[in-house]
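Chains as they are written, first to last, in the working numbering: chain A, 1 to 284; chain B, 285 to 839.
Some hints could be false.
[Unchecked claim] Sample of chain B residues lacking proximity to chain A, with all beta carbon distances greater than 12 Å (derived):
| hint | residue |
| --- | --- |
| 1 | ASP311 |
| 2 | VAL318 |
| 3 | HIS407 |
| 4 | VAL421 |
| 5 | GLN490 |
| 6 | LYS584 |
| 7 | HIS667 |
| 8 | VAL731 |
| 9 | VAL737 |
| 10 | ASP754 |
| 11 | VAL763 |
| 12 | THR796 |
[Claimed, not checked] Pair ranges (Cβ atoms, derived):
| hint | chain 1 | residue 1 | chain 2 | residue 2 | range |
| --- | --- | --- | --- | --- | --- |
| 13 | A | GLU214 | B | GLU355 | 39 to 45 Å |
| 14 | B | ASP783 | A | THR192 | 52 to 58 Å |
| 15 | B | GLY785 | A | PHE280 | 23 to 29 Å |
| 16 | B | SER632 | A | PRO154 | 41 to 47 Å |
| 17 | A | GLU211 | B | SER632 | 28 to 34 Å |
It is worth saying that the hints were derived from the structure and are not from the lab.
Even glycine gets a Cβ: it sits at the ideal position worked out from N, Cα and C.
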Amino acid sequence: MEIAVLTKGVPDFREGQVSFDEDGHLERGKTPTVMNPNDKFALRAALQTKVRHGGNVTLCSMGPPGYDNILEEGMRDVYADDLVLVSDREFAAADTWATAITLTAALEHMETEPDVVFAGFKTADGETGHTGPQTCWGLDRPILTHVISLDIEPENEVVRAKRLVEGDVDEIETVEAPLPCVVVTDPEFEPTYRRAEHRLELKDLREQTKERAENYEDHLTMWNHEELNLDPDFVGLDGSPTIVSSVDPIPKSPSEREATMVTPDDEEGMEQVLEEMTPFAGGD
Amino acid sequence: MTDREHYEAVVVGAGPGGAAAAARLADHGVETLVLERGADAGAKNVSGGLIYAEQSAPYTVDDLFPDFREEASERPITDYKMDNIAGNRVKTYDLTPLHENDTLWCDAVLRRKMDSWMAERVHEKCRESGGGLLTDVRVNGLLRENGEIVGVTCDELDDIEADVVIAADGVNSELAREAGLMDWDDPEEWFQGVKAVVDVPDGFVQETFGVDEDEGVARLFSGDLFQDARGGGFMYTNQDTLSIGTVFHLDSIVEERAETHELLDALLTHPHLSNWLPEEYDEVEYSAKLVPDSKKVALKEPHRDRLLLVGDAAGQMQAQGPIIKGMNHAVTAGALAADAYVTARGRSGETAGQRYATLLDREGVMDKLRPKSYDWTSGISEHPAMANVMETVAKSPVGRAVLRTGAAESLVERAFNSPRLLSMLPDIKPAYVTVPTLIGEEQGVPVSGESTVETPTLEERIGDLSYNTDIGNPHIEVVDNSWAASGTAVTACPVSAEDFGGGCYRSETVGTNGSEERVVSLDTQPCVECGTCAVVADTEWEHPRGGKGVEYEQG
Numbered sequence: 001m002e003i004a005v006l007t008k009g010v011p012d013f014r015e016g017q018v019s020f021d022e023d024g025h026l027e028r029g030k031t032p033t034v035m036n037p038n039d040k041f042a043l044r045a046a047l048q049t050k051v052r053h054g055g056n057v058t059l060c061s062m063g064p065p066g067y068d069n070i071l072e073e074g075m076r077d078v079y080a081d082d083l084v085l086v087s088d089r090e091f092a093a094a095d096t097w098a099t100a101i102t103l104t105a106a107l108e109h110m111e112t113e114p115d116v117v118f119a120g121f122k123t124a125d126g127e128t129g130h131t132g133p134q135t136c137w138g139l140d141r142p143i144l145t146h147v148i149s150l151d152i153e154p155e156n157e158v159v160r161a162k163r164l165v166e167g168d169v170d171e172i173e174t175v176e177a178p179l180p181c182v183v184v185t186d187p188e189f190e191p192t193y194r195r196a197e198h199r200l201e202l203k204d205l206r207e208q209t210k211e212r213a214e215n216y217e218d219h220l221t222m223w224n225h226e227e228l229n230l231d232p233d234f235v236g237l238d239g240s241p242t243i244v245s246s247v248d249p250i251p252k253s254p255s256e257r258e259a260t261m262v263t264p265d266d267e268e269g270m271e272q273v274l275e276e277m278t279p280f281a282g283g284d
Numbered sequence: 285m286t287d288r289e290h291y292e293a294v295v296v297g298a299g300p301g302g303a304a305a306a307a308r309l310a311d312h313g314v315e316t317l318v319l320e321r322g323a324d325a326g327a328k329n330v331s332g333g334l335i336y337a338e339q340s341a342p343y344t345v346d347d348l349f350p351d352f353r354e355e356a357s358e359r360p361i362t363d364y365k366m367d368n369i370a371g372n373r374v375k376t377y378d379l380t381p382l383h384e385n386d387t388l389w390c391d392a393v394l395r396r397k398m399d400s401w402m403a404e405r406v407h408e409k410c411r412e413s414g415g416g417l418l419t420d421v422r423v424n425g426l427l428r429e430n431g432e433i434v435g436v437t438c439d440e441l442d443d444i445e446a447d448v449v450i451a452a453d454g455v456n457s458e459l460a461r462e463a464g465l466m467d468w469d470d471p472e473e474w475f476q477g478v479k480a481v482v483d484v485p486d487g488f489v490q491e492t493f494g495v496d497e498d499e500g501v502a503r504l505f506s507g508d509l510f511q512d513a514r515g516g517g518f519m520y521t522n523q524d525t526l527s528i529g530t531v532f533h534l535d536s537i538v539e540e541r542a543e544t545h546e547l548l549d550a551l552l553t554h555p556h557l558s559n560w561l562p563e564e565y566d567e568v569e570y571s572a573k574l575v576p577d578s579k580k581v582a583l584k585e586p587h588r589d590r591l592l593l594v595g596d597a598a599g600q601m602q603a604q605g606p607i608i609k610g611m612n613h614a615v616t617a618g619a620l621a622a623d624a625y626v627t628a629r630g631r632s633g634e635t636a637g638q639r640y641a642t643l644l645d646r647e648g649v650m651d652k653l654r655p656k657s658y659d660w661t662s663g664i665s666e667h668p669a670m671a672n673v674m675e676t677v678a679k680s681p682v683g684r685a686v687l688r689t690g691a692a693e694s695l696v697e698r699a700f701n702s703p704r705l706l707s708m709l710p711d712i713k714p715a716y717v718t719v720p721t722l723i724g725e726e727q728g729v730p731v732s733g734e735s736t737v738e739t740p741t742l743e744e745r746i747g748d749l750s751y752n753t754d755i756g757n758p759h760i761e762v763v764d765n766s767w768a769a770s771g772t773a774v775t776a777c778p779v780s781a782e783d784f785g786g787g788c789y790r791s792e793t794v795g796t797n798g799s800e801e802r803v804v805s806l807d808t809q810p811c812v813e814c815g816t817c818a819v820v821a822d823t824e825w826e827h828p829r830g831g832k833g834v835e836y837e838q839g
């Protein structure tokens, strides 16, 4: 099985990492870049596929040369055999359309075209959820989204998946698609290993990938627009039809709140607290 | 159904018994899968913790794991004493000769460090022979075909077939019970131990105990400080911690309705202990464990079909007065079980199980676990009338006078150091409480100083433990919640107590139709999986799923 996983570097939005200026704008320079958290689920699905069926996992991203760290993170924390970074000034400031065109070219440029391409559900910064499906359109393959569990039958060239359909009541659909295809994992995705041999293999692969991540550069390939045979007019800013007209900063929450301190020993005070809280006791 | 997985050998549990069995199997080139329910080997394991290497044993742990002493253990124990305590009077006997009898070496250990180190070696070895070691997998039963055991079933994995199943799944072995080889019925067959691991500053052990880097001390405590509970206390020096604990006959805890954590506190706060504790008492871990009494439960035929039991699962825990040996026997038994399988495989006639039982016997393991002298004498010496006679004689002016003589001192010391006499030691109160107390009273000298130790509350002790709770999926269910059937669990459970609402078992009064009834309720969140309630209360008892429940960091 040839397996590819798409990922993106995003600001680390975790508390203590992310930094905003006074106007509520993200301070990109002060905020570290990490692998998009949802992409780890895609990578876990890829690892499950490799454990069960063997093959090769290529982790692929588009971004500036420094984004090799994001690929290294994926290799270390989950798994990857090879890393591909699609990087070129001509790709800069791409929207999801231009990104999908570029990624499609990269996937088609791979020595063996992947049987399954995995992507995570939305990136933590853009939140559009467009890139995966658009890349899928570029590859002209079926797509399975919101996947929470996955079974592949390579001999029958079939992928069977459970997908979480959120609504008034969450439903789980079981769907089937032919190989090759694109799978978008849901953050609820759980790899399952019900055979001891698979868990042993998993343990080995996790060891190996951590070792490989120490010298990840040896496993990293960089491609520019010439290597991918892409016309600069159709990628990067020039190839991006999206226009961002303005950005509204998120209003800051008031940093001070009115509070009255009551000690538990103060009976009168506590009674007042109870009185105030009673209307909310029903959970309204 | 896809094709069922098959391994030549499946070993359940990665404690010393399982590790030894797996290492030996892998050395024989047997494809071996080890399944451990903890998130890490050792995360579920507690011991007092001294591990012995006996001269007479066919296998010692360092035979199987050559760097064991350097990498996995804490300190060699070079000094072994016993304190008989009566009030604040203490008489100390040197038991080093007993300790050194048949001993190549003896080290203090902490199980998380020890077991996880061994598990790494085991995994490497087993990987080479086509298997390996997996954590977070709970074996929940025996796979049978036409009624015969042919493998194991797991919570996390599909059924696995094996040519041999070695169950080293500890004192609460679910496999031993499912196979009908063990039960959880009689408190008389078990001990319960609780332990505190106490942090001490760097260099404190050397200074306080007057030992070198590669020396250590073990002390045992008995006498009147534990009310009338039959058992005693211990203190072992680790690298930079102390293991201090108490072990009592479970039936005695039941009878006395003793709160086991209070018995531990009685030891920790005794003025005698203040000699060895730092000014600031810092307890890093509270733990508890059930211990089988091999004299009563060690199985002479620990096998059924393809299933072989090893270590605590087979009741292989030797406790005769001050002789407390478990891990070494588990190691020996594990290695012998592996050898037995390899010898018997492919041959008709003797099965691996039969071969294993023969080896345990021939290598002298069974005689250590079930001394014939105990079997012969216990009928008389443990007869209630005998206990009365001994109690009366010992307490009489004659008994006291004897103890006061100089000759008695050396006689007592010689008696304590005689493995043969100790193998006959009856499990009755005079042996554990009355005599040691009288020795303390008649021969002891008062200890000076007062204890400044403030032990944590049970709530704090539970709060300091790590749990990965399996929310909504309790592993124990109370079958009969009446006070008569299950009330003992409230006091006997090491993480429960009367008037404490934060423990596993709580006492409750329920009013129905004008009458009041006392019942027990259970919350398994604070459970330390010792198994006490499985014996003393009416429960459906299982281990939590793989990786769930308590996770010891010291053990």
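Tested hints:
In this structure ASP311 of chain B is separated from chain A by more than 12 Å, as the shortest Cβ-Cβ distance comes to about 19 Å. Here VAL318 of chain B does not stay apart from chain A, with its beta-carbon only about 10 Å from theirs, under the 12 Å limit. Not every beta carbon of chain A lies more than 12 Å from that of HIS407 of chain B, the smallest distance being close to 8 Å; the non-interface claim is violated. Non-interface status of VAL421 of chain B relative to chain A is broken: a Cβ of that chain comes within 12 Å, the nearest being about 8 Å off.
Separation of GLN490 of chain B from chain A is adequate, the least Cβ-Cβ distance of about 38 Å exceeding the 12 Å criterion. The beta carbon of LYS584 of chain B is kept farther than 12 Å from every beta carbon of chain A, the shortest such distance being approximately 32 Å. Residue placement check: HIS667 of chain B keeps its beta carbon more than 12 Å from all beta carbons of chain A (closest about 51 Å). Residue placement check: VAL731 of chain B keeps its beta carbon more than 12 Å from all beta carbons of chain A (closest about 42 Å).
Distance check on VAL737 of chain B: its Cβ is at least 30 Å (rounded) from any Cβ of chain A, clearing the 12 Å threshold; non-interface status holds. Non-interface status of ASP754 of chain B relative to chain A is upheld: no Cβ of that chain comes within 12 Å, the nearest being about 16 Å off. With a least beta-carbon separation of about 31 Å from chain A, VAL763 of chain B lies farther than 12 Å from that chain, consistent with its non-interface assignment. Distance to chain A confirms THR796 of chain B as a non-interface residue, since its nearest Cβ pair spans about 29 Å, more than 12 Å.
One distance hint, 39 to 45 Å for the beta-carbon pair GLU214 of chain A and GLU355 of chain B, is violated here, with the actual separation near 24 Å. A beta carbon spacing of about 45 Å between ASP783 of chain B and THR192 of chain A contradicts the range 52 to 58 Å that was offered as a hint. The given range of 23 to 29 Å is respected by GLY785 of chain B and PHE280 of chain A, whose C-beta atoms sit roughly 26 Å from each other. Between SER632 of chain B and PRO154 of chain A the Cβ separation comes to about 43 Å, which falls inside the hinted range of 41 to 47 Å.
About 47 Å separates the C-beta atoms of GLU211 of chain A and SER632 of chain B, a value inconsistent with the hinted range of 28 to 34 Å.
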